[in-house]
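J.: What follows is the residue order along each chain.
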Amino acid sequence: MPTIKDQMETGRLAGGMTFSAVRRERLGASEYTLATVLIDDTGSVSPFADQLREMILTAIDALRRSPHSENVLVRVARFNACYPNGVNELHGFKPLADISEQDYPRSDPTGGTPLYDAVFNGVAATNAYAQNLYDGDLNVNAITIIVTDGVNTYSMMTPAAIKAEIGKVITQEVLESHRVILIGINAQLYQAELQAFKQDVGITNYLDAGDATPTKLAKLAEFIAQSVSLTSQALGTGGPSQSIPAII
Amino acid sequence: MLTMTTDVVIQLGRQHQRLGNPCQDHALAGHFPAGGAYAVIADGCSHGGQTDLGARLTTLATRQLLAEENGSASTPAAAERFGERLAARLALSQELLGLTPADLLATSGGLRVSPQEGAMLRLFGDGAYATVSQTGEVALTLLAWRDNRPFYPIYHQVGLADFLALQGQDPATPSLTWTRWRGPREALVPEAQGELSLAEGIRGYRRVFSPAELAELQLIVLFTDGLQQLDPYDVPTAASRLLDFKSLAGTFVKRRVAREVRELAKVGLGPRDDLGIAAICLTQTPED
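Protein chains in written order, with this note's numbering: chain L, 1 to 248; chain D, 1 to 288.
In case anyone wonders, no lab produced these hints; they're calculated from the structure.
Incorrect hints may appear among the rest.
For each label pair, taking beta carbons as the anchor points, the in silico distance ranges come out as [said to hold, decoys possible]:
1. L:Q233 x D:G168: 52 to 58 Å
2. L:T110 x D:D244: 46 to 52 Å
3. L:E173 x D:G168: 38 to 44 Å
4. L:N205 x D:T237: 42 to 48 Å
5. D:E263 x L:R65: 32 to 38 Å
6. L:G236 x D:Q193: 25 to 31 Å
7. L:R65 x D:Q15: 37 to 43 Å
8. L:Q191 x D:K266: 37 to 43 Å
9. D:E213 x L:G236: 55 to 61 Å
10. L:D103 x D:P286: 46 to 52 Å
11. D:E117 x L:E222: 53 to 59 Å
12. L:E70 x D:Q193: 42 to 48 Å
13. D:G20 x L:T171: 34 to 40 Å
14. D:A165 x L:P67: 52 to 58 Å
Using N, Cα and C, we set each Cβ at its ideal position, and we do this for glycine too.
Only chain D is shown next, with the shape it has when bound in the complex:
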């Protein structure tokens, strides 16, 4: 029997801390009442408006849509249009709360895990995710948009034309690069790299895990792109440090990040950018 525990951390980066700005990353994780678990991240554009709010609204809207999928209130066609539906929820929030589109420029990463169906991961924009197997092998995937211009779901409602113009219009244009490392946590090595087209990036990066694949995993962890700015580490080292959980009980992500940030702060280093992490821990327990 698969049991799942979750945890998140939202860490303010030094740049925002220095300027007295709020954290523009957000993360949520937990269980659906109908069963299954979710992990969600969002990263607000630092050149947007009140994207700290936008990031929070994005995680809430993403979770809401994942819950609808989990409860089978969603059709395959609706699942395909996840990004547009997310944008519609954000636009509604914008109208209700008197926000502007600039406030809602935020990436969205959402993971839904069901012991029976497997898991679905979607990422709109940039970010990273890691899986840790039962044997301890880590696979880390980083997604980065060309020219650091990520696609934000709200573009489905406003700004899509401008975004397409910046990206070169051709939907086949390679626009989103994924890079993967693999290995023991403390010795990740590059494994592969690839590109998604503009159209595929707008549709959202997707990774499906079958129930059989889930059975081999211990952890699935989502990161905002602040993972790339954890001084003094490169991306695989940063992931390696942040995945060095001493135990998986309770607030395991918060503990690890808090310790890492505290130790780095002693030497004037640490997260330059905000960092959001959401994790689901998968434990196989014997049936009663």
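Only chain L is shown next, with the shape it has when bound in the complex:
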């Protein structure tokens, strides 16, 4: 019996980056939401790395119970300058039903923040996979969420490259919509810089999740699940969900 691993394929991005995703011929529905969550795994998050892991597990669990959950394909990755190309994919785009706790091992964060690489990786992988699905007559929208506690310290990719990838939503007409949300956690010191980065590259929203407390992280999990769910409910409307909360 084929396992989910047998059903995945690898896509290649610029700069030697890769991503994985379920093979298109394994998908039975007519439309999908591609949801990507990229999580800061740098030295500064080590005091709450376990809580970030719990946050993701909670978000995934909540998503499973949401409407249209069978039309959501989720990809989760961590970013850290020690990882090859700055990003460690925990799992590629796959149905919620195929995600297990084993997909999210505990981490031991160290290293700097390749924020540009992370954002580029998330957006470019979404664009590439969306093109693949579109070529198979599938209708696709997307949401990419990046959670960071700091600004970029070192990356191979540039803001210009990110801006070009984000701009493909309009030029390529493959995605119905692609909302990119940058979330700062414990990042009050860097708000101005992160807001500026958001403006420079065309990220949809920058939201401040506050301190990395259990309450705030629980709210963050709820926000991620709700945002993805609302995006999937907007499939077929031709536009993004209008009702994603503006605050966490």
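Guided by the hints, dock chain D onto chain L, whose structure is given.
T.: Same frame as chain L, now just chain D:
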């Protein structure tokens, strides 16, 4: 071993959409509990009554009769009288639900596939069907009644005399034309054309597939006659576009039609008439 998957799509045409009218085509496809698969279409007369309901009742009644055949609850004589039996079921629905005969003016197309016995396709009225072979060759057959006056099964219960009068009374009158195209999907060319008599058309167009023929096929697809009104395409091009499945998993017909309609809508084109499609995908898998 033959495994079968199915899918349908029911697409509202622009004419009805513009007027706020419901879709008058319907389609069903699936598996019988006893084994085997079915694909059914119906097209309600646009000048009838509530033929959106009539089309749905027609697909349900057709499926019911196909299930009886599949389960051997039907005799050869009963199979011959499929059209009359369908009309009787519709008349019962009419009485139970307070409908009128005008509500039940709908064509009926039904395909039953059994890995052991082969397949039987019946079409009452107009419509089309296509087969796609394992090698990708497509054979498309379009059925059209003279003067665009199709036979509706409900005529067996009421209106048959009027229908016969319009068609010229003589049962031998050529009344139903079939046209066939064949070739690779993207290059269908006319192959043949023929006519069925009035009597044959009332009895229903039939196509039997032997198990050996089934083994050579990948897809059998039924279309309502909305296939003829998919702007800007002619019939073979429309079929070619709608059969361009990128994969045969899950909702493969819905995906293809949705994409085609969306792309055509960008330039103000698409289905003028309602369109119903029902498909059975045949996959040969090795025995365990």
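J.: Now look at each hint and say whether the structure bears it out.
T.: For each hint, the structure was consulted:
For the pair L:Q233 and D:G168, the beta carbons lie near 56 Å from each other, so the given range of 52 to 58 Å is met. In this structure the supplied range 46 to 52 Å holds for L:T110 paired with D:D244, their Cβ-Cβ distance being about 51 Å. Range check, L:E173 to D:G168: about 53 Å between beta-carbon atoms, so the 38 to 44 Å window is missed. Hint check: L:N205 to D:T237, Cβ distance near 45 Å, so the stated range 42 to 48 Å holds.
Against the hinted window of 32 to 38 Å, the Cβ-Cβ separation of D:E263 and L:R65 comes to about 35 Å, which satisfies the hint. Taking the beta carbon of each, L:G236 and D:Q193 are about 41 Å apart, not inside 25 to 31 Å as hinted. Against the hinted window of 37 to 43 Å, the Cβ-Cβ separation of L:R65 and D:Q15 comes to about 42 Å, which satisfies the hint. Between L:Q191 and D:K266 the Cβ separation comes to about 41 Å, which falls inside the hinted range of 37 to 43 Å.
Taking the beta carbon of each, D:E213 and L:G236 are about 39 Å apart, not inside 55 to 61 Å as hinted. For the hinted restraint 46 to 52 Å between L:D103 and D:P286, the CB-CB distance of approximately 33 Å leaves it violated. Between D:E117 and L:E222 the CB atoms are about 56 Å apart, so this pair conforms to the stated range of 53 to 59 Å. Taken as a hint, the range 42 to 48 Å holds for the pair L:E70 and D:Q193, whose Cβ atoms sit roughly 46 Å apart.
For D:G20 paired with L:T171, a C-beta distance near 36 Å keeps the hint of 34 to 40 Å intact. Between D:A165 and L:P67 the C-beta distance comes to about 55 Å, which sits within the given range of 52 to 58 Å.
The structure fails to meet hints 3, 6, 9, 10 from the earlier list, while all remaining hints are met.
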